[in-house]
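One-letter residues, chain by chain:
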Amino acid sequence: MRANFFIVSALFLDTWGGDVIIDIVPGAGPNGGNALKSSAPRPWSDQTQAQVLNTDCVSAGERIAFSAKIKSNANCLIYSWDSTKRCNDIILHTNKGGVREYHRVATITADTPDAGGWHHVHGIHVHTGNGEKADLTKIYFADANTGWDVYTADVKAYVLEQNCQALVLNSDMEEKDLYWSYTDRDRSKIKVITPGAGGDGHALRVYARDHAWRGFRQLLDSRCFASGEEFTINAKFRLTDASLAGVTCDPNYQWNSNEGTQCPSVVVYGKKCPGGDVYQQFWNAISVRTL
Amino acid sequence: MFDLALLPELSKNSPNELLLQDKTWSAQGWNNYETTFVVNDALAACGQVELYIHQVNKNWNIEIDDVQISRRSTLAPSLTPTAAPTEFANPGSSSPTEVPTAVPTLSTVTSCPPIEEYVELPAGPVMLERSSTLCIITKADVDSNGTKTEIAPVARSFNGGDWEKHAGEFAEGLLYGKTFGDYTQGCQITLPELAAGQKYFISSYVDSSARRLNQADEEKKAIARLMQQSTFGTTLADFEGWNRGPVTQESAAEWVKEQMLLPLTSHREYLRKRTNPRWVLFCTVDVLTSVLSPFYSTYLVPVDL
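Protein chains in written order, with my numbering: chain A, 1 to 291; chain B, 1001 to 1305.
One chain only, chain B, in its complex shape:
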C-alpha cells in the first residue's frame, strides 16, 4: 500500500503534480538515469556483450558522464553449504511439465498502429507484436515533401501469426540471411539500414478478401475451391450448376458420390484431340496392357488411344 504520509511534499502538491515535477527532463542540466535489469538466458548465452547509448533524435547531441553497470545480487550461496543434502526438500514435487518459452530479447514491443496510420520504424533491432489484422512493414522513398514513392513490402503478420518475410524480390534481397526470432511477446528481427532517403513504415491494412466478400460470395468461394481441388478443371456450367447450398462435409460428399456415378469420359482423349493431332496409332490396347503395368490394363480404354 502506498503511504502518502511518508511523503511530506505531498502536503504541498497533489500526488500527480509531485511525480510529474520530479520526472521531467531538464534541458539545461544533467539528468540522472537509473534502471535495473535481470540477465536472462538469451543474454547469458552471448559470447560478446556491449553497452550502447543511442536511439536518440539524430539532430541532437548526446552527452554522457558517470555511466556504470553494477551488480546488485550475487548468485553465490550466503551460507557454507552442507556436505550433502540431508533430506529431499519436497519429495512430492515433479519436474516442470512444460518447456519454458524463450525470453523476449527486447524490452520494448512494437505494436501495429491503427489502420491507415503509417508509423516510421527505424532500422535496427525491433520486437514486433503479432498482429490480428494484416500488418505490413514497407520500405518507401520519401522526398523532402514527405511524399512516399517506390513502396515495397518487407515483412508481414496477420491472423495473430508470426512475422514473416513478405513475398517478393525486394524483401528477399533486403532480408537475405535474416530470420525472425519468435518469442512469447513477439517476433524480433534486425532491420537493415536503408539507402539515403528511404525509410521503413509499419501499418495495418484491412484484408482485401474480407472487405470484398459478403456471405453469398464466401459460399461461392467455397464451391469454387471444392471444384478446383477435386476436378481436372471445372467449368462455369459446373460451378453455376451447384444446387446444394453451402459447402459442408455432407454436401461435398454427396456431390463427389454423384460425380462418380456419371458416365465415364476420357480426359486423355479430350487432351489428345486438342494437343497432338498428328499422333499415329502404332499399337493397340491389347499390346500395351500385355507389356505395361496393371495401371494401363485397368484404366486404358480404346477411346484413350
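The following block holds chain A by itself, in its conformation from the complex:
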C-alpha cells in the first residue's frame, strides 16, 4: 500500500528559480496524456519545473519514494556527470529555520528509454531530521543542458510502508528497475532484460563494469535491523561475459578479487553508524562445499 501525498496538477505547478517558462503539453505524455515542459533556453541547469510538497505527515527516518518519467529534446547521457550532456535527476530541497538541505533523491538506472524516449527516474530517500516539518520542501528536476527542453510526466512521491518481512522492493523486477540503482555513477550500466529467472518477466543486468565493486544496490529500511533479528537472503544469479555467454564462477573462491573467479555474494552495508560503516558480506550458503 502506498500513501500518495503528491499528485501533479496544474494548480500546484511551480518553478525552481525565476525566468523559467513551463507549459502543460496535452498528448505529449508517455501514454498520450499530459506532460509538463520547461522550455529552453533555461537560465541555469537546475532551473526547471518544480513543486512544493507538504511532507508534514512524514517523520524523520521514514522513506519516501520518488518516481517520474522524463525526457528532453536531445539524447542525454544517463550516467554522465557532464552538465552539458547528462539527464535530469530529481533534487529534494528542504529549508528548516534557515538550514538548507539538497538531496539527489532520484536518478535514472536503466540504460535505455522506452519507445517514446521517456526515461524512468526514481529513487528512495530517507527523510532527515532537518527535513521533518520543514518550512519549505520542494522538488525540481536538475542538471540537464540549459539548451534542452525538459518534459516530465507521471511524477509521484509516496511514503514507503515499513515491511520487515520483505525488505527488498520490486524483488522480482516486475516493475523493471524501480527502486534499484547502481553502486557508482558512470562506472557501469544497468539494463532491464527479458525473460527473467522464471522464463518470463524481467531481470536486471549490470554490465560495462570497470571494477569488481560495481554492481547493484537498493536502500533498505534500517528500522527493521534490530540486534538479534535473523534474516534469510534469497536471490537468483547468472553471470555472463561481454558477448552474453554464460560464465562459471568458483563457489569455493571467497576472495574479493577484481578479476577473480568468486561467485556473486550479497552485502548488507550499514552507513551512518556510530563506529563507522558496517560492511557485511555473505557468500552463498548453498553453493559452498562443506565436506
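Hint data in this document are derived by calculation from the structure and do not stem from the laboratory.
We put the beta carbon where it would ideally sit given N, CA and C, even for glycine.
Be aware that a few hints might be false.
Claimed, not checked - One-sided excerpt, in silico: chain B residues whose CB lies under 10 angstroms from chain A:
1. S1026
2. C1046
3. I1053
4. K1058
5. W1060
6. I1062
7. P1122
8. V1256
Place chain B on chain A using the hints.
Below, chain B alone, put in the same frame as chain A:
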C-alpha cells in the same frame, strides 16, 4: 549425527561426489543463492542500510532476479507477558564481568599471504587479520606487463598488533580521515579507490633487524641502547669498553653506579669551548648563584663559566 540413510541419492554417489555435484555453478542457467544472517549491534546502530550485489570479476555481467531479504525470527514475545515478575529467575546470577568485544563487521577476514607472495587487494572495505610477521599493504603502479613500479607502503601490522597507517606522506594523504576499526577478528578499513593502473597488494616480510642480527649483535644492540639512553652522547670507546656481558638489570645498575663514581667533567664547558668561542665572561659564579635559582648554586662550578 549426519544420517546417510536419509539421502537416497547417496546410494548412487559417494557423499563427496553428491555434494560437489549439487554445489557447482551453472554457466547457462540461473543459480540459486541463499544464506541467513543475524543482525549484530554494529549494524543495528546504523542510520542507513543498503543492499549491495557486487564484488564479482569486473569483466563479467551480473544478472539478478528474485532478490529478497526476509525476516526469519521475531523478537516479540510469543506469550502474553504477566503483569509483573513473580520471582527472580536466578537470584544467584551476577552481572557479566567483562565488557563484550565489538562484533566484527565483515564476515570475511583477510589474512596476510606467505612471505614474498603478493596478493592483490581490491579497494573498498576489508577486514584484515592481525599479523605475527611484518605484513604491509602497498600501492603499486602496474603496467600491462604486470611490472610493479612506484611502490608505496599504505598500512602495516606486525607482532600480532593492530593494523595502522604506514608512516609516510603517501599513506597519510591516501588514508586521511580514515581509521582502522579494531575488532576481535581483525581490523577493518575502507581502502579508497586508486587511480587507473594502480592496485593494492598485501604481502608478508621478514623483519629486517630480525634477519640481520645474531645473538652477539643483539647484545651489542642492547649495550648501545643503554648508553644512548643514559649519556649525553656515547663514544665508540665507551661502547667497546663494555665488559659486563649481556645487558641485564644488574649489569646496567653496576655500570651506572660506576659512572657516578667517576670524576666530574663538565658537559657545559665542553660545549662552550666548541660552540661559542667569543663568549665574554661578564659575571662570576658568586653573582649568578646569589641571584638565580638553587639549581645554579648547586650545579655550576667555575669551569662551567
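Hints versus structure:
The closest approach between the C-beta of S1026 of chain B and any C-beta of chain A is roughly 8 angstroms, which is under the 10 angstroms cut-off, so the hint is satisfied. For C1046 of chain B, the suggested interface contact is upheld, since its CB lies about 3 angstroms from the closest CB of chain A, less than 10 angstroms. About 4 angstroms separates the beta-carbon of I1053 of chain B from the nearest beta-carbon of chain A, less than 10 angstroms, and the hint is met. With a cut of 10 angstroms, the hint placing K1058 of chain B at the interface with chain A holds, because the nearest CB-to-CB distance is about 5 angstroms.
This hint holds: W1060 of chain B has a C-beta 5 angstroms from the nearest C-beta of chain A, less than the 10 angstroms allowed. Because the beta carbon of I1062 of chain B sits about 5 angstroms from the nearest beta carbon in chain A, less than 10 angstroms, this interface hint is met. About 5 angstroms separates the beta-carbon of P1122 of chain B from the nearest beta-carbon of chain A, less than 10 angstroms, and the hint is met. Interface restraint check for V1256 of chain B: the shortest CB-CB distance to chain A comes to about 47 angstroms, outside 10 angstroms, so the restraint is violated.
The structure fails hint 8 only (numbered hints given earlier).
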